[in-house]
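Top line first, the protein sequences correspond to chains A and B. Position 23, counted from 1, in the first sequence is what the working numbering calls 10; the numbers after and before it change by one each time, with no gaps. Position 124, counted from 1, in the second sequence is what the working numbering calls 111; the numbers after and before it change by one each time, with no gaps.
Be a bit skeptical, because a hint or two may be false.
As the list claims (entries may be wrong) - Derived, one-sided and incomplete: chain B residues facing chain A with beta-carbon distance under 8 Å:
1. P(-2)
2. L1
3. N30
4. P126
5. Y129
In short, the hints are calculated from the structure, not lab data. Glycine included, every Cβ here is placed at the ideal spot set by N, Cα and C.
If you want the building blocks of each chain, they are given just below.
2 protein chains.
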Amino acid sequence: MPISMYQASVPAFLSMLKNLTAIIDKAEAFAAEHKIAPEVLINWRLAPDMFPFSRQVQIAADFAKGTTARLAGAEVPSYPDEEKTFAELKARIAKTMKFVEGFSAKDIDGSEGRDITLTIGGQQMHFKGQPYLVHFSLPNFYFHATTAYAILRRCGVEIGKRDFLGEI
Amino acid sequence: MPISMYQASVPAFLSMLKNLTAIIDKAEAFAAEHKIAPEVLINWRLAPDMFPFSRQVQIAADFAKGTTARLAGAEVPSYPDEEKTFAELKARIAKTMKFVEGFSAKDIDGSEGRDITLTIGGQQMHFKGQPYLVHFSLPNFYFHATTAYAILRRCGVEIGKRDFLGEI
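Given these sequences and hints, build the entire structure.
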């Protein structure tokens, strides 16, 4: 079966969100084992003017949610960014996965030419569906997932590329 | 036109490799301005057991080269990992882009079900073309591109998400 807009997006989002959940489990165990307060990891940043771990997870999840909805021409639900614990971050991911799983191939396939408008920093950006997915959503999604991973890796959590990629 | 294996891979690789080149230009200018020896940035690591900047760039480039060739059923050329300067890293990227640009949609479209075998750490991995691209190559490619970016960002190079995404 030829690759499609659905196949290039939803399964990729769901795998990585699942992997992020498993990575958070390892971070939680690491914090407990080393008697590190969980909020130290949750608030850790790679640089003072970069987002902390919690925000990286929220943004990655939001790219999965927003991209799936926009490609399907559906409303993008807004989730408040209030997570302060590993459990809350995992719940945010689970809620996002449930939302993404609510879309099927027939909702998203054929969205290559769909007009998509985003407002970022007060500025409107206009895309067609395919470049939006290939050049904006996927790079952004993986950017924040990788940065979340890198923060934990930097803090000593025992994770490797296999955790990032999960079961393929 | 429906998304295809070519459209989901080659243009994504080429954009990000171009963006990495522009990011390296900024790193080079930053090092000169702050009188930091370029090799300090080139050898910087986010953690002692993570790869340095140079290796992150080499691996990102190799995922672009290897994925493009394998999807097309072509031989994967081996490039030696010898780059020690920003100029050499940019040349490695340019050489990789030229290789990737040598493939057209007709070489890669229809590769969804192609059998792909990789040997990683002495172990053989077997994929079909589509999951290889969606769940292995793209996440790995963006993982190393993001980590390269994060190393420079951590070192103070004035780059932002706009540099990572480039012109869309």
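These are the hints, each one checked on the structure:
At its closest, the beta carbon of B:P(-2) sits 6 Å from a beta carbon of chain A; the interface hint therefore holds under the 8 Å criterion. Interface hint at B:L1: violated, since its Cβ lies 10 Å from the closest Cβ of chain A, which is beyond the 8 Å cut-off. Interface hint status for B:N30: violated, as the beta-carbon distance to the closest one in chain A is roughly 17 Å, over 8 Å. Of the supplied interface hints, the one on B:P126 holds, with its beta-carbon coming within about 6 Å of a beta-carbon of chain A, less than 8 Å.
Restraint check, B:Y129 versus chain A: the minimum CB separation of about 3 Å is within 8 Å; hint holds.
Checked against the numbered hints given earlier, the structure breaks hints 2, 3 and satisfies all the rest.
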